[in-house]
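Protein chains in written order, with the working numbering: chain A, 1 to 285; chain B, 1 to 285; chain C, 1 to 285; chain D, 1 to 285.
Check the hints yourself; a few may be wrong.
[Unchecked claim] Straight-line alpha carbon distances no greater than 25 angstroms define the calculated BS3-like cross-link-like pairs of lysine-lysine that follow:
hint, chain 1, residue 1, chain 2, residue 2
1, A, K203, B, K148
2, D, K3, B, K44
3, A, K44, B, K44
4, B, K3, D, K3
5, A, K183, A, K89
6, A, K44, C, K145
7, B, K135, C, K14
8, C, K14, C, K44
Because the hints were derived from the structure by calculation, they are not lab data.
There are 4 protein chains.
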Amino acid sequence: MSKTFRLVISCPDKVGIVAAVSQYLHERNSSIVEANHHTDAEQKWFFMRHVVDAESMSVDIDTFRKEFAVIAEQYEMDWYINSSDERPKVMLMATKESHCLNDILHRWHTQELQCDIVGVIANHEDLRSMVEWYKIPYHCINVPKDDKMPAFQAIESAIDESGADTIVLARYMQIFPEYLCNKYRYRVINIHHSFLPSFVGAKPYHQAAVRGVKLIGATCHYVTADLDAGPIIEQDVIRVRHSHSATDMVRLGKDIEKLVLSRGLRYHLEDRVLVHGNKTVVFAQ
Amino acid sequence: MSKTFRLVISCPDKVGIVAAVSQYLHERNSSIVEANHHTDAEQKWFFMRHVVDAESMSVDIDTFRKEFAVIAEQYEMDWYINSSDERPKVMLMATKESHCLNDILHRWHTQELQCDIVGVIANHEDLRSMVEWYKIPYHCINVPKDDKMPAFQAIESAIDESGADTIVLARYMQIFPEYLCNKYRYRVINIHHSFLPSFVGAKPYHQAAVRGVKLIGATCHYVTADLDAGPIIEQDVIRVRHSHSATDMVRLGKDIEKLVLSRGLRYHLEDRVLVHGNKTVVFAQ
Amino acid sequence: MSKTFRLVISCPDKVGIVAAVSQYLHERNSSIVEANHHTDAEQKWFFMRHVVDAESMSVDIDTFRKEFAVIAEQYEMDWYINSSDERPKVMLMATKESHCLNDILHRWHTQELQCDIVGVIANHEDLRSMVEWYKIPYHCINVPKDDKMPAFQAIESAIDESGADTIVLARYMQIFPEYLCNKYRYRVINIHHSFLPSFVGAKPYHQAAVRGVKLIGATCHYVTADLDAGPIIEQDVIRVRHSHSATDMVRLGKDIEKLVLSRGLRYHLEDRVLVHGNKTVVFAQ
Amino acid sequence: MSKTFRLVISCPDKVGIVAAVSQYLHERNSSIVEANHHTDAEQKWFFMRHVVDAESMSVDIDTFRKEFAVIAEQYEMDWYINSSDERPKVMLMATKESHCLNDILHRWHTQELQCDIVGVIANHEDLRSMVEWYKIPYHCINVPKDDKMPAFQAIESAIDESGADTIVLARYMQIFPEYLCNKYRYRVINIHHSFLPSFVGAKPYHQAAVRGVKLIGATCHYVTADLDAGPIIEQDVIRVRHSHSATDMVRLGKDIEKLVLSRGLRYHLEDRVLVHGNKTVVFAQ
Chain A
1 MSKTFRLVIS CPDKVGIVAA VSQYLHERNS SIVEANHHTD AEQKWFFMRH
51 VVDAESMSVD IDTFRKEFAV IAEQYEMDWY INSSDERPKV MLMATKESHC
101 LNDILHRWHT QELQCDIVGV IANHEDLRSM VEWYKIPYHC INVPKDDKMP
151 AFQAIESAID ESGADTIVLA RYMQIFPEYL CNKYRYRVIN IHHSFLPSFV
201 GAKPYHQAAV RGVKLIGATC HYVTADLDAG PIIEQDVIRV RHSHSATDMV
251 RLGKDIEKLV LSRGLRYHLE DRVLVHGNKT VVFAQ
Chain B
1 MSKTFRLVIS CPDKVGIVAA VSQYLHERNS SIVEANHHTD AEQKWFFMRH
51 VVDAESMSVD IDTFRKEFAV IAEQYEMDWY INSSDERPKV MLMATKESHC
101 LNDILHRWHT QELQCDIVGV IANHEDLRSM VEWYKIPYHC INVPKDDKMP
151 AFQAIESAID ESGADTIVLA RYMQIFPEYL CNKYRYRVIN IHHSFLPSFV
201 GAKPYHQAAV RGVKLIGATC HYVTADLDAG PIIEQDVIRV RHSHSATDMV
251 RLGKDIEKLV LSRGLRYHLE DRVLVHGNKT VVFAQ
Chain C
1 MSKTFRLVIS CPDKVGIVAA VSQYLHERNS SIVEANHHTD AEQKWFFMRH
51 VVDAESMSVD IDTFRKEFAV IAEQYEMDWY INSSDERPKV MLMATKESHC
101 LNDILHRWHT QELQCDIVGV IANHEDLRSM VEWYKIPYHC INVPKDDKMP
151 AFQAIESAID ESGADTIVLA RYMQIFPEYL CNKYRYRVIN IHHSFLPSFV
201 GAKPYHQAAV RGVKLIGATC HYVTADLDAG PIIEQDVIRV RHSHSATDMV
251 RLGKDIEKLV LSRGLRYHLE DRVLVHGNKT VVFAQ
Chain D
1 MSKTFRLVIS CPDKVGIVAA VSQYLHERNS SIVEANHHTD AEQKWFFMRH
51 VVDAESMSVD IDTFRKEFAV IAEQYEMDWY INSSDERPKV MLMATKESHC
101 LNDILHRWHT QELQCDIVGV IANHEDLRSM VEWYKIPYHC INVPKDDKMP
151 AFQAIESAID ESGADTIVLA RYMQIFPEYL CNKYRYRVIN IHHSFLPSFV
201 GAKPYHQAAV RGVKLIGATC HYVTADLDAG PIIEQDVIRV RHSHSATDMV
251 RLGKDIEKLV LSRGLRYHLE DRVLVHGNKT VVFAQ
């Protein structure tokens with residue numbers, strides 16, 4: 001895979017944006033590998049993502065940033081450009097359940113996920129051996145029921161010292177405190193084991209069994225201070241029948257959780273997710 | 001298709017039920033076409049459905065009923081036996097949207113649904129011509145906002161005069177009054193255009209768009225006095241993307257509504273749905 | 001829905017195409033409603049589709065065609081621009097089975113499909129009454145086993161006299177002759193009741209039952225002289241179990257056939273399907 | 001989970017089988033946890049699976065076997081009874097790709113799969129470290145192109161010495177020789193990375209890309225001497241688009257392969273798969 005740049009833009013919708021951007025890219029001789037546009041007609045907002053072959057560009061990324069800032073200002077753009085060789089740094093967080101963690105670690109180990117896993121933070125020791133097999137630092141930070149703040153400060157330090165830009169709650173069984181939600185806004189990804197907004201909060205499979213639904217699901221979303229209500233990145237469901245016990249639902253749900261989290265994380269790492277208000281534009285392939 | 005009997009049983013779980021039932025069926029020489037069992041381990045409740053070849057049985061259905069009542073009493077069974085040549089009578093109800101109505105009428109017309117459609121009740125005239133092409137009586141009963149009771153009494157009369165045993169709300173845009181929900185308990189089937197319990201009530205697609213979900217769905221359920229909270233028969237979902245407008249979601253949703261309603265109705269007509277508490281056991285094929 | 005133009009382009013991949021097109025669109029003040037690009041890296045081929053708000057454009061469609069031809073020639077484009085108010089003319093063809101026909105007619109009747117249905121050609125009389133309820137001309141053209149050519153000539157005349165630009169084989173049980181496949185290249189859409197390339201030819205459900213597959217499907221494709229081997233537009237599948245008889249598989253399959261055909265037809269009518277070699281690029285929403 | 005017995009029967013269809021079996025179970029006081037029946041009307045063959053609570057039975061499994069043999073003979077049954085505490089022994093086979101292997105090992109390690117993994121046979125060293133972390137014996141048996149027989153004899157010895165009753169080809173890139181297919185009939189499970197019977201043989205994703213299909217799949221089947229044509233246990237598919245490269249298809253396919261293989265293996269281990277002719281009856285939950 002050759003080196004690429006990913007240019008991601010969101011701004012008020014106006015005539016001329018595409019022309020301005022593609023004109024600039026053309027003048028810098030950019031070969032466009034992938035391009036996506038979306039106009040939210042209701043909110044009059046425009047979203048654009050380009051992947052360009054880095055080799056083809058006649059300027060380096062710093063020059064690009066300087067030059068493009070002029071266009072960006074003109075159109076009031078929220079924007080950034082990332083290089084595929086600046087791999088995102090990811091901190092994973094877990095408790096005792098290993099299915100999501102094992103899934104992400106394996107995808108990373110086999111080069112399917114383009115990122116660096118800089119560590120795993122867990123509130124129990126159970127997963128240490130698995131994580132250390134991958135030669136990844138394991139931080140066991142216990143979160144006592146009656147005094148959680150010091151633990152979250154230790155977590156914050158561990159994250160910041162690792163240089164992580166993305167935090168993945170891979171079935172981490174603690175509610176993230178509001179101040180960390182805000183500090184790492186749209187950088188903390190959670191997997192919730194229900195098809196949100198159904199069954200917010202604890203024990204969603206139990207809630208699903210009580211209601212007698214015929215499908216159970218999982219939701220990958222950014223964590224915000226509003227519990228289970230952050231912008232949704234990805235969702236999926238699986239069929240259940242009366243013959244499935246609560247234990248079966250947990251087992252079936254795990255497969256969906258793994259898939260939905262790894263897809264959502266992939267979209268995030270590839271700069272495919274653009275947040276606007278409480279909704280996402282996901283430029284999936 | 002040769003004539004069959006459908007024997008449907010639910011009762012407290014005990015050792016010996018299957019032996020007793022299959023022994024009786026065997027003594028009457030019954031050839032079993034389809035058999036399903038389910039034990040709800042938590043509620044200690046047992047569910048069973050048999051389809052038997054009517055030709056093979058050495059007794060007629062009335063004798064069966066008399067004889068089997070003895071076994072049924074012993075095991076405290078809720079039970080019934082239906083003959084495939086006593087076709088259920090179905091009253092359809094609609095407003096202006098035709099997708100569910102057209103779908104059911106076409107399936108009935110092509111002998112896919114084994115029932116008699118005894119009429120269509122609508123609160124507008126829009127669908128009369130379509131219905132009358134099928135030579136089905138069309139009852140237009142307007143439901144004025146400020147005085148609905150006389151309308152529902154007229155609806156009740158139309159249902160009762162038709163001899164309908166099943167009422168299908170095929171996108172009928174009125175809330176069924178409590179007294180009718182109770183009178184026709186587990187006989188009124190509704191299609192709700194969301195993946196319940198998400199987005200209860202009005203405008204579920206609008207609610208889904210606002211929340212930014214990645215899948216929209218439909219739910220077929222029995223109508224109870226508790227709005228959109230009756231026992232769920234069938235559900236399904238379809239993927240939506242940011243590029244889908246509210247109009248697109250409505251269009252995509254219609255396909256799911258039709259499918260889910262027709263599947264749910266089919267299960268009901270074939271005596272595949274057993275209600276216990278607020279949940280269903282659905283012996284789908 | 002306001003009037004739009006759809007500009008569809010495919011050409012050898014080169015740097016500058018997007019800039020040239022978006023520059024031109026910008027100079028004509030075009031407000032872009034939807035835009036899609038795709039580069040086939042292997043074949044070095046580029047595909048692009050724009051939907052622009054017709055009101056916003058400072059030139060009419062004829063001027064556009066004249067002006068744009070200059071750019072098109074420079075980049076060796078295969079291209080066209082269609083206006084949303086020039087509705088495609090569709091000829092439907094069927095035999096005796098009505099599920100696909102009923103589905104398309106209902107979608108058209110409720111304004112879901114943006115086209116004019118100019119007629120139905122069938123080789124039996126069975127579907128006449130249904131079609132005529134929609135006030136659509138019905139051409140019954142019998143195709144005798146031993147002398148099919150005159151029938152196909154009559155079909156050709158009926159198509160040409162109707163002005164149809166799209167022909168839909170909605171479970172038409174005759175093989176289209178090669179000369180008509182060539183004459184109406186990429187304008188004849190068929191629904192095949194299997195997940196191609198599995199089970200080419202006749203009786204695919206029977207073949208599927210014999211092989212014991214766990215999913216059955218349907219394939220919407222352009223008809224070419226090579227039987228069931230034309231470019232695939234859309235496919236989908238549904239799960240089957242051992243408890244499903246061949247009759248059940250036919251019934252389940254019909255739902256997939258309808259959905260896949262109507263999706264494929266919609267993509268075609270909205271100029272979302274670009275054929276290159278024997279493959280399609282489908283700019284679905 | 002308490003101890004259960006699984007009684008699996010297939011035999012010519014006759015009136016009285018269910019009565020005889022359930023009468024016997026009742027006389028031995030068996031509490032039935034799960035029961036499934038299927039009659040193949042065409043082949044006049046009957047299939048039945050019972051799960052009974054071992055504690056409830058008044059006889060031990062050896063007595064059961066002796067007593068039940070009488071009934072079995074009368075109805076010409078193919079049958080067996082397994083105890084949930086006699087865990088099946090599984091030998092895994094792989095080459096270099098780890099996704100299926102990691103998936104199965106993780107499910108086994110977290111007690112999701114009720115079996116003993118007795119070893120991994122691979123024709124390369126790549127996966128040794130992963131396997132040994134799980135404390136499972138790793139047999140590296142190279143299969144030279146020009147003289148494969150000694151290798152397969154070594155494989156046969158490793159299997160037989162391990163006492164394995166099930167062999168799983170978890171993306172094992174060698175064709176199993178006919179004599180081993182026959183020796184381990186219906187005990188060797190393979191995952192093929194296509195929706196069979198489409199794309200038999202090598203490079204199915206490449207074949208799928210060339211044909212331009214819109215869904216790719218995977219098939220879990222018993223290995224027979226007839227390449228990729230053995231009885232199918234489970235299949236599933238995932239949607240692909242023109243924007244997916246061959247690399248993307250491989251990545252997406254892996255997720256389906258893992259799921260389909262683990263589901264198929266689970267069905268096999270729980271005695272849910274009954275083979276008749278070249279087809280399976282799968283009593284999934």
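Structure-based check of all given hints:
1. K203(A) <-> K148(B): violated, 41 angstroms
2. K3(D) <-> K44(B): Measuring from Cα to Cα gives roughly 19 angstroms; hence the hint holds.
3. K44(A) <-> K44(B): Cα-Cα ~57 angstroms, so violated.
4. K3(B) <-> K3(D): Given that 25 angstroms is the threshold and the Cα spacing comes to 41 angstroms, the pair is violated.
5. K183(A) <-> K89(A): holds, 16 angstroms
6. K44(A) <-> K145(C): violated, 60 angstroms
7. K135(B) <-> K14(C): violated, 62 angstroms
8. K14(C) <-> K44(C): At roughly 8 angstroms apart (the allowed maximum being 25 angstroms), K44(C) and K14(C) satisfy the hint.
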